[in-house]
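These protein sequences, in sequence, are chains L and P. Numbering-wise (our numbering), the first sequence opens with residue 17 and increments by one. Numbering-wise (our numbering), the second sequence opens with residue 17 and increments by one.
No lab work stands behind these hints: they were computed from the structure. Computed from a prediction, not measured in an experiment: that's the story for all the values here. A few of these clues could be false.
Which copy is meant is left open, so a pair is good if it fits within one copy or across any two.
Derived DSS-like pairs: lysine-lysine, alpha-carbon spacing no greater than 25 Å straight-line [as the list claims (entries may be wrong)]: (1) K161 / K205; (2) K237 / K205; (3) K161 / K237; (4) K344 / K237; (5) K237 / K41; (6) K41 / K205; (7) K344 / K41; (8) K205 / K344.
2 protein chains.
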Amino acid sequence: MDLPLHLLLPLLLVTAKLLGVAGRKVGVPAVVGEIFAGLLLGPSLIGALPSEATGGDAFHVFGEFAQIGLCILLFRIGLETDLGEFLRVWRPATSVAIAGMIFPFVLGWGVATLLGWSVMVAVFVGATLTATSIGVTASVLDEIKGQRSAEGRIMLGAAVLDDVLGLLVLSAMMGMVTPGAGVANTVGKALVQALLFMGFGIFFGPLIVRGFMAITRWSGKAALLLVLSFSYMLLMAAVAHAIGLAMIIGAYAAGLAFGGYEEHEELNRDLRPLIDLLTPLFFILIGASMELHGLNPLTAAGRWAWVVFATLTIAAIVGKMLSPAFLKAGNVNRLAIGSGMMPRGEVGFVFAQMGLSVSLYSPAQYSMLTLVLVATTILGPLLLRRVWNCPRAHPSLPFSFRPDPGTKVST
Amino acid sequence: MDLPLHLLLPLLLVTAKLLGVAGRKVGVPAVVGEIFAGLLLGPSLIGALPSEATGGDAFHVFGEFAQIGLCILLFRIGLETDLGEFLRVWRPATSVAIAGMIFPFVLGWGVATLLGWSVMVAVFVGATLTATSIGVTASVLDEIKGQRSAEGRIMLGAAVLDDVLGLLVLSAMMGMVTPGAGVANTVGKALVQALLFMGFGIFFGPLIVRGFMAITRWSGKAALLLVLSFSYMLLMAAVAHAIGLAMIIGAYAAGLAFGGYEEHEELNRDLRPLIDLLTPLFFILIGASMELHGLNPLTAAGRWAWVVFATLTIAAIVGKMLSPAFLKAGNVNRLAIGSGMMPRGEVGFVFAQMGLSVSLYSPAQYSMLTLVLVATTILGPLLLRRVWNCPRAHPSLPFSFRPDPGTKVST
């Protein structure tokens with residue numbers, strides 16, 4: 017089937033929203049229902065949504081809509097983040113980001129080695145499992161109004177750092193794979209670019225935003241602020257993409273610049289319908305990317321695939337659940353942070369695709385890894401909702417029990 | 017230049033909105049400023065926005081965004097239209113629609129004949145000048161809050177009828193040009209389809225909307241109504257397109273079904289940011305489609321082109337200004353209706369392209385006609401804003417002077 021966009025969009029949107037709502041009714045985050053809608057309508061099952069390879073123009077437009085939708089979600093979350101509060105959690109965020117790279121890397125490497133894969137493949141598997149994608153978690157945080165909690169801010173901060181670290185690992189891998197490019201050189205360049213970018217967003221962004229406010233007041237047309245903000249967000253996303261960061265990190269950095277201004281309330285309300293319509297498309301695409309054909313339990317190969325899938329997924333889950341291991345601050349919900357950091361996304365896919373393109377991964381290994389990545393993306397939010405109201409202190413640590421997840425974290 | 021979408025969108029949006037705001041400051045409708053932004057950045061001048069022929073993926077996505085944006089605008093105007101009030105103006109609307117087809121056709125034919133063009137070309141020129149595109153007028157009505165005035169409702173009703181009539185003329189032309197297809201046959205089929213479609217939208221639409229309300233209440237998630245409505249709008253637009261009507265007529269018919277419900281206020285507010293971001297793209301594309309190369313006044317050919325352009329534009333203007341000529345109701349602003357019906361758009365372009373594709377029009381004649389169409393699209397809103405507060409009665413008719421344009425029309 018190759019449906020035109022004007023039929024494809026309604027079909028996907030309505031299915032996703034209805035499954036999302038049905039999910040909510042049984043206590044599952046809406047985003048999981050939306051991912052299932054993608055799986056259901058995607059190439060593996062019904063096939064209404066074509067795969068990236070076979071999809072034509074409609075698929076391309078659809079992908080752009082989805083990407084912009086996710087950017088708006090992260091922009092809005094940046095908007096709701098107080099920049100000062102965001103910067104205050106840099107210590108726990110760094111701790112979570114670093115632990116959340118080391119453990120999945122080591123576990124992924126170990127499991128791949130146990131599965132009998134070569135050293136270089138095992139290193140790539142480790143790298144593939146490191147990168148957190150904050151999109152799904154952001155959607156759940158938005159749903160449970162958790163983005164301003166200590167856990168929410170730590171997760172968002174860690175996700176930004178994780179993306180920068182992931183970029184560095186990716187640059188290192190590129191340096192290793194590309195003949196002639198020095199590793200230190202590529203990594204150093206990527207690091208400087210990423211730091212300059214985030215520095216610009218955080219320190220000069222607010223000045224730009226002040227200019228937007230002035231122009232909007234001069235025009236007497238409130239809608240101008242939306243257009244200027246949206247354009248700024250797209251530009252920041254494009255720049256982030258150009259230097260190798262995820263677009264959504266750029267959009268988040270753009271949003272951070274608005275936090276201090278009163279007008280952000282109105283902007284916030286204006287972004288809501290855009291998010292309602294566009295963001296589900298991204299989660300649909302995640303679900304649609306699942307390749308289930310290799311997992312037939314009636315064949316020996318299919319059963320082995322299940323073993324590989326299960327062990328890699330456990331490695332991916334345990335690795336990120338350990339990400340708050342080095343956290344000093346005690347009064348935070350470690351389970352929530354671990355689950356929130358669990359979903360892998362774009363960056364993991366970039367690693368997997370790089371592994372495939374240099375013929376390190378076999379096609380079977382590649383589709384297995386994408387399945388593992390999607391599995392973490394479904395399990396993360398399921399777990400996050402379940403553990404959100406758990407006691408915040410680690411039981412063995414002498415901190416008080418605080419059931420309210422909105423308190424500030426001490427840093 | 018072939019800018020990626022994430023750079024192209026900000027550039028176009030910000031330029032268009034700033035020119036729109038600047039236009040407003042000097043008393044010109046925002047839409048005219050936005051069209052000029054398209055002309056400025058389009059292939060004729062700066063060239064940031066590629067033409068349809070050379071534009072790649074970014075242009076395609078851009079076009080889809082623009083189309084959906086215009087649909088949302090018409091949907092929202094349908095939403096604000098009371099279906100009963102809309103149906104009550106059918107008599108003056110029919111009168112305006114029919115006169116607005118006859119006069120431009122005859123004048124276009126006459127001028128083309130005077131210019132020395134062949135009979136068949138002259139017929140096609142007449143047909144090209146008949147079709148009203150309500151998009152631009154709708155935007156101005158939205159700006160001056162005129163969509164509920166008698167004039168606004170007559171124009172909207174006449175535009176719907178005009179689109180149906182245009183479709184019939186187009187079918188007749190197709191029947192004449194395509195060998196073997198009977199004229200009566202194609203016209204009859206088109207008429208039945210158009211009537212079934214509008215009937216469905218007006219009589220069954222409200223039932224569907226009631227279903228949407230029930231599902232939304234059951235879900236407890238207000239955002240679901242937006243998703244369902246947006247999807248319904250896209251489907252209606254797709255069906256309209258499939259049977260040969262303009263997509264925006266389908267979107268308007270979808271909106272009409274919501275008029276009677278209380279929830280439409282909230283929906284209305286949710287659509288506003290979508291319109292703010294997407295609708296300017298459509299007007300940008302209109303401006304970008306202007307081909308100015310042939311109008312160099314330093315060459316004899318260029319001077320003759322100016323003569324052709326001026327006479328055809330005058331025919332196009334006078335033709336539509338005469339559209340309220342047969343109106344019985346006296347207390348309406350005929351100048352406003354004439355100016356509101358003036359902008360030609362998609363349907364005119366369809367005619368022109370058909371004339372080109374069957375080699376009736378030379379490329380020079382084709383680009384001349386598109387220029388005339390765009391000129392009416394700029395002059396219409398300029399005039400509409402200027403005459404909106406004029407006395408409503410025709411000076412020579414014995415009706416009272418009513419400066420308030422919000423009164424109901426007697427039918």
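Taking the hints in turn, this is what the structure says about them:
1. K161 / K205: The answer is neither: 37 Å in one copy and 54 Å across copies each exceed 25 Å.
2. K237 / K205: For K237 and K205, the Cα distance exceeds 25 Å both inside one copy (42 Å) and across copies (46 Å).
3. K161 / K237: between (30 Å within a copy, 15 Å between copies)
4. K344 / K237: For K344 and K237, neither the intra-copy (48 Å) nor the inter-copy (39 Å) Cα distance is at most 25 Å.
5. K237 / K41: Between. Shortest inter-copy distance 11 Å satisfies the 25 Å Cα cut-off; intra-copy 40 Å does not.
6. K41 / K205: For K41 and K205, neither the intra-copy (48 Å) nor the inter-copy (47 Å) Cα distance is at most 25 Å.
7. K344 / K41: Neither: 37 Å inside a copy, 57 Å across copies.
8. K205 / K344: Neither: 32 Å inside a copy, 75 Å across copies.
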